[in-house]
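> Residues per chain are reported as follows:
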Amino acid sequence: MADAWIPLALTLKVAGWATLLNLIFGVALGYLLARTRFPGRDLLDAILTLPMVMPPTVLGYYLLVLLGRNGAFGAWLQSTFGINLIFTWQGAVLAAAIVAFPLTFKSARAAFEVVEPQYEQAARVLRIGEMAIFFRVTLPLAWRGILAGLLLAFARAAGEFGATLMVAGSIPGKTQTLSIAVYEAVQAGQDDLANFLVLVTSLTCIVVLLVAGRLVPGRVPGQS
Amino acid sequence: MADAWIPLALTLKVAGWATLLNLIFGVALGYLLARTRFPGRDLLDAILTLPMVMPPTVLGYYLLVLLGRNGAFGAWLQSTFGINLIFTWQGAVLAAAIVAFPLTFKSARAAFEVVEPQYEQAARVLRIGEMAIFFRVTLPLAWRGILAGLLLAFARAAGEFGATLMVAGSIPGKTQTLSIAVYEAVQAGQDDLANFLVLVTSLTCIVVLLVAGRLVPGRVPGQS
Amino acid sequence: AELTVSAAASLTNAFRELAPLYEAKHPDTKVQLNFAGSGALLQQIAKGAPVDVFASADQVTMNQAQEQGLIKADQRSDFVSNSLVVIVPLQGSGAPASIQDLAKPAYERVAIGLPASVPVGRYTKSVLEKAGLWAAIEPKMIGAQNVRQALDYVARGEVDAGFVYATDAAIMPDKVKVAFTAPTQDPILYPIAPVASAANAGAAKSFVDFVHTDEAQAVMAKYGFGKP
Amino acid sequence: MIWDVALRKRFEGRKHSFELDLRFQSNARRLVLFGPSGAGKSMTLKMIAGLETPDGGHVRMNGVDMFDRDRRVDLSPQRRGLAYVFQDYALFPHLTVIQNIAFGLHLGLLNPGRSLRHEAVRRWIQAFHLESVANQYPEQLSGGQRQRTALARALVAEPRALLLDEPFAALDRPLRKRLRDELARLQAQLDIPMILISHDEEDVAVLADEMVRIEHGQAGQASLLPARARGGRSEPEAVQSTREFDWINSTL
Amino acid sequence: MIWDVALRKRFEGRKHSFELDLRFQSNARRLVLFGPSGAGKSMTLKMIAGLETPDGGHVRMNGVDMFDRDRRVDLSPQRRGLAYVFQDYALFPHLTVIQNIAFGLHLGLLNPGRSLRHEAVRRWIQAFHLESVANQYPEQLSGGQRQRTALARALVAEPRALLLDEPFAALDRPLRKRLRDELARLQAQLDIPMILISHDEEDVAVLADEMVRIEHGQAGQASLLPARARGGRSEPEAVQSTREFDWINSTL
Ligand SMILES: Nc1ncnc2c1ncn2[C@@H]1O[C@H](COP(=O)(O)OP(=O)(O)OP(=O)(O)O)[C@@H](O)[C@H]1O
Ligand SMILES: Nc1ncnc2c1ncn2[C@@H]1O[C@H](COP(=O)(O)OP(=O)(O)OP(=O)(O)O)[C@@H](O)[C@H]1O
Ligand code: MOO
Ligand SMILES: [Mg+2]
Ligand SMILES: [Mg+2]
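Chains as they are written, first to last, in this note's numbering: chain A, 124 to 347; chain B, 124 to 347; chain C, 185 to 412; chain D, 751 to 1002; chain E, 751 to 1002.
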C-alpha cells in the first residue's frame, strides 16, 4: 500500500501544473470579459464554459483527435518541436487544465466584476500604470473569489480521470494518477485498496485546501 | 438522429433539478460558512469540496453503497417511505447534484464574504428581520457570484455521467442522459453520432448559459 | 527499453501478475501496462499513442484496428478464451435455470454492459437476440459502463441478475453465484497483436509470444480464463 | 431620564489599541455628541443602536434596558427601533433612491418596487429635493444626494429615536440650513429623542439642548446648553452663541 | 491661463437625465468650485482629472492640452498627474494607512510594505495625526481618519496640481482649521495650482483666490474674490467676508 506514494506525487504534480495554467489563463480571460465589452462577449463566455458540460471522456477524445500524432495540432507540435503529448504527464496536465478551466475563469470573472472601479481610478490619479494597478489593486481585491475558483480547479484537476485517462493513459508510475488508480481498484473489485486510496486522496486534498485557505489573509484583519 | 430529443429533455430535467438543489443547499451552506465562526469551519469547508476531487465513477460507487436497496440510507428510505432512488431519474438528480455541489457552495461562500456587513446593519436599524435582510440585502448583493457558481453547477450536472451512470443505470428513455449517449457513441466509435450529440449538447448549454446570463441584471445599470 | 502494453480492463488483474514474470525473463525491458475499455484503447492507438502491444477483449475491436492498419495482422493471435455467464446475488432466493427464466416477472432488473460500447454487452445482446428474448429483456436492462459495473450491481443486490464474464464472477465468489453459462454463438476469444508503429518491435513480438507460454497461461487460468 | 449610557469597549489594532470607556446621562430630547476625529463618537452611537456590542456597561432609554451586560440584556437593533444615519450613508447599491427610502416600510421578504407608492416616501423625496434622481442608483448620485437619501430613509420609518452621524457634513450651506430646519420641525412634530454627531457649531446651536463632549474614548457629563428658543433663530446670532465651543480649539 | 476648461457631458438616468455644459477660465492658483448639491461639481473635477470622458470640450492647464475633443487629445489620468481626493475617500481596503499613503511613491508591480520607509510618508502621518492608526485598515478608521489618510495619500506624491472634492467635510472644526492652514502653507511651498470643491465659506475665505459657481450643470465665469492677504486671518473676519455668498440662500 506504500504504492500510493507514486500516484499521489504524480497527482499533485499534474493538479499543481494544471492549476498554474488555470491561474494564468483563467484570470486573464476572466479579467478580459469582466472589463471589456465587445460583440459576442456573452457567447465567448458560454463557449469557455463548455469544457464543464462535456463528459470528460468525450473531451478527452477530442483532445486526442487534436493532439495525437495525426491530429492537426499534434502533428505541428511533433514536427516543429518534436513534442508528443499523448501518454505523457504533460498531456495529463493539459487535459486536467482544460477540464478545470471554466472553474477559474468563471470565478475570476465574477470576482473582477464586483471590484469597485473607483479604487482603480484612485490608483490612476496616483500615476500608477495600468499593469501595476491590476497587480496592486484589482487582483488583491478580487483575490478571494479567484482563490475559491482556483481551489475548485485544483480539486477538479486532482479528481479528473476521464479525459486524463484518454489522453495520458494509465501507466503506473508515469501517468497513473491517484484518481485513475482509485478507478482501477474499484473496477478490479479491490475494495480495500480503493477505500485506502480514496482516504489518501481525501486527506491530501483536505490538507491542500486547508493550507491554501490559510495562506490567504481574510478580506481584512478584524473581520470574521 | 431525432433520438437526441429524449435524452436531451432528460438531461435538462436532471441538470435543472440538480441546480435547484444546489441553489438551496449551496447557498445555505455558503452563507453559514461565510458568516459564522466555529471550530472546524475550515475543515468542513474542505470536506464539502471533496465531491469535486473524487472521480465521478468512484463517487457513484459510494453513492450506490449508501443509497442502494442494501445500503444504510437506501434501506431506511425504502422501509420508511417506500422510496427507491437507484435506477431512477431522481437518483440521477442526486448524483449530479452532489458532483456539482462544491461549485455552488464555494462560489456562494466567496460571494457572501465580500458583501459589506454595513449594508446589513443599515437594514437592521430599519427594523427589518434577519430573514428579510438575507433575501433583500445580502442575497441580491452576493447574487452575481452565486449565479456564476450555479451556471457552472448546471453545466457540470448536464455533463456528468460517471456518477449518474453508476447510480441511475443507463435506461434508455428513463435515465439515459445526453452525456451518457455521447459517451456510448464515442466508445462505440460512432463518430458521426458522437459529433452530432456533442453539437446538440453544446448548443443547448450555450443557449441555457446565455439566457441565464441575461436574466440577471448587471451590478448596476450604467455600469459596463 | 520500455514496452507499453494496452490491455482491456478485464485483463487488469491477470496482466499485473504477468508483467513481472516477463520482466524477469527480459531484464532489460520494463513493461508499462495501460488499462482501459477496449474501445478507448483503440482510439488512443489510432490517434498516435506510443503503444507496442494491444490486447483486446473482443474480436470486433481488434478487427477495427486491423482494418485501420494499426496492428501487425500477421502476428495477431487469440491467447485466452472466456465465457459469458448469468450471475445472481448469493443471498438471493433461487436462481434462473435457463435464459428463458430471465423473462419472468421475478427478474425485474438485469444488469447488462451497454451493447453499443461494451464488448460483454455485445455478446449478451446477440445471445438474447438468438433466443428471441431481446425485446422482452431490454426494458429490464440496467446499462453498465463496463463489465465490472454490472458485477457490482449484482454483488450489491441492486439487480436480480446480470451478464458478466466467468472471469469477473470469479472475483467475488462470496457475493455472487453463477446461475448458468450462456452459450455464445462464437466463442469469446481475446486477441493480442503488436502495434504496427511499435518503437520496440522485437520486444512486442516477444511479449505476444510470452502470453502463449505455459507459464503465462497458468497465470491466466488462475483468473478464470480458458485456453483459446 | 431619556438617555442613560455607560459603555466599555476595547479594539485591538496591529500596534495600537483603542479603548472606549464613557458614561453619560441626559434628559435632553436633542443631544449632540461633540469631539475630535477618532475620539469614539461613531463607535458610541453604534453601540447605542445595537450595531456593536460593548464589552460592558449599559444602554437605557426612557428607563427601558436596551443593553445591560450584568443583567444579560441585549436587544437586537430591530427591537431597539432607533433610526441610524451612517457617516458614509450605507445606501443599498442595488436599489434606487425610491426603493432605498421605502426600504423600512416593507417588512416582507421582498424589496419595495421601483414606483412611488407610499405617501410618506413621496413627502420626503419632495422635502429633500430628490425628485430628479428618484429612479437613480446610489452610484449615480452626487455626494449630497446620497446623504439626503440616507436621511430620508431613516426618517420615513418613524423611529423611536433618531441617531445621526454627521448628517449634514456633505451638504452645501443653503441645503444644510434647510434640512436642519426641516429636522428641527420634524423633531417637534414626531416628538422623538435625537442624538446627533456633528462638528458644526450651527448644528449644535439650532439642534441641541445638551451636548456631550467625547475625547480619547471618554465622555464628560452632558452639559446643558444655555436656555434658548427652539427652531428659528437668525444665523449670526447662532454663530455668536457657539463661541462657547472655542474650548475645542485649545484642546487639540 | 492656468485653467481653461470647457466641458459637455450627458448622463441618461432612468427617467431623468443630467446634462452638464460649462466653461470657465481662471488664472487663480487657488480656485474653488462652489454650488448646490447635485450641480455637477464632482463630475467636473473628475473630467479635469481624466476620470470621466467628456462628450465634448477641452481641458487645458498652463496652456497644455489634457483633453481636446476636436484635436483628439485625451491624456490618461496618469499622464495628467493631477492628485485627486475623492468625496468618499476611495482608500484601498486591503492596505493599511501607511501603505495607502505610500501607494503613489512605489511605481513597481508590488505594493509598499507595511513598515514606514519613506520620509515623506512619515511627515504626512505626523502632520495629520495618524500615528496611532498607521497600521490599521480603512475599515478600522473613523470618518475623519479616513479622510486625512486620503488627503495624505494625494499630497505625498507631489502632484502637478491638486484636485480636492470636499476634503474637510468630515473633519471636526479644530482639525479642519489646522489642515486648512497646513494645506495653505503647502500650497505656498509646492507652488502648484489647486482646485477645491467646498461648501464651507471659511474654506473659500482662506483657500480661494477665485471661485467658480456651478449650478444645474452650468458654470458662471470664475469670479475673482476681493483681494486679501493669504493665510492667517482671524475667524470672525473670515465669516464676515463670506457673507457675499449669501446669494446661494436665495437661489435654492
Ligand atoms: N451615472 C449617472 N447616471 C445618471 N446621472 C448621474 C450619474 N452620475 C451622476 N449623475 C448625476 O449628475 C449630477 C451631478 O453629480 P455630481 O456628483 O457632480 O454633483 P456635485 O455637484 O458634486 O454634488 P454634491 O455637492 O452633492 O457632491 C447629479 O445630479 C447626479 O444625480
Ligand atoms: N476594528 C477596529 N480596530 C481597531 N481600531 C478601531 C476599529 N474600529 C475603530 N477603531 C478606532 O476607534 C476610534 C474611534 O472611532 P470612531 O469611528 O468612533 O471615531 P469618531 O469619533 O466617529 O471620529 P470621526 O469624527 O473622525 O468620525 C478610532 O481611533 C478608530 O481608529
Ligand atoms: O474488458 Mo472490456 O473492454 O471493459 O469488456
Ligand atoms: Mg465618526
Ligand atoms: Mg460631489
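Source of the hints: derived by calculation from the structure; they are not laboratory data.
Accuracy of the hints is not assured; some may be wrong.
Claimed, not checked - Calculated cross-link-like contacts (lysine-lysine; reagent style DSBU-like; alpha-carbon spacing at most 35 Å):
| hint | chain 1 | residue 1 | chain 2 | residue 2 |
| --- | --- | --- | --- | --- |
| 1 | C | K288 | B | K136 |
| 2 | C | K288 | B | K297 |
| 3 | B | K297 | C | K411 |
| 4 | C | K288 | A | K297 |
| 5 | A | K297 | C | K256 |
| 6 | A | K297 | C | K411 |
| 7 | C | K214 | C | K288 |
| 8 | B | K297 | C | K359 |
> Work down the list of hints and note, for each, if the structure agrees.
Against the structure, the hints:
Between the alpha carbons of K288 (chain C) and K136 (chain B) the distance comes to roughly 32 Å, so the proposed pair stays at or under 35 Å and holds. Between the alpha carbons of K288 (chain C) and K297 (chain B) the distance comes to roughly 21 Å, so the proposed pair stays at or under 35 Å and holds. Between the alpha carbons of K297 (chain B) and K411 (chain C) the distance comes to roughly 41 Å, so the proposed pair goes past 35 Å and is violated. Restraint check for K288 (chain C) and K297 (chain A): the C-alpha separation of about 49 Å exceeds 35 Å, so the hint is violated.
Our distance criterion of 35 Å between C-alpha atoms is met by K297 (chain A) and K256 (chain C), whose separation comes to about 26 Å. Restraint check for K297 (chain A) and K411 (chain C): satisfied, since their Cα atoms lie roughly 32 Å apart, inside the 35 Å limit. Restraint check for K214 (chain C) and K288 (chain C): not satisfied, since their Cα atoms lie roughly 52 Å apart, outside the 35 Å limit. For the hint linking K297 (chain B) to K359 (chain C), the alpha-carbon distance of about 28 Å falls within 35 Å, and the restraint holds.
When the structure is compared with the earlier hints, violations turn up for hints 3, 4, 7 and for no others.
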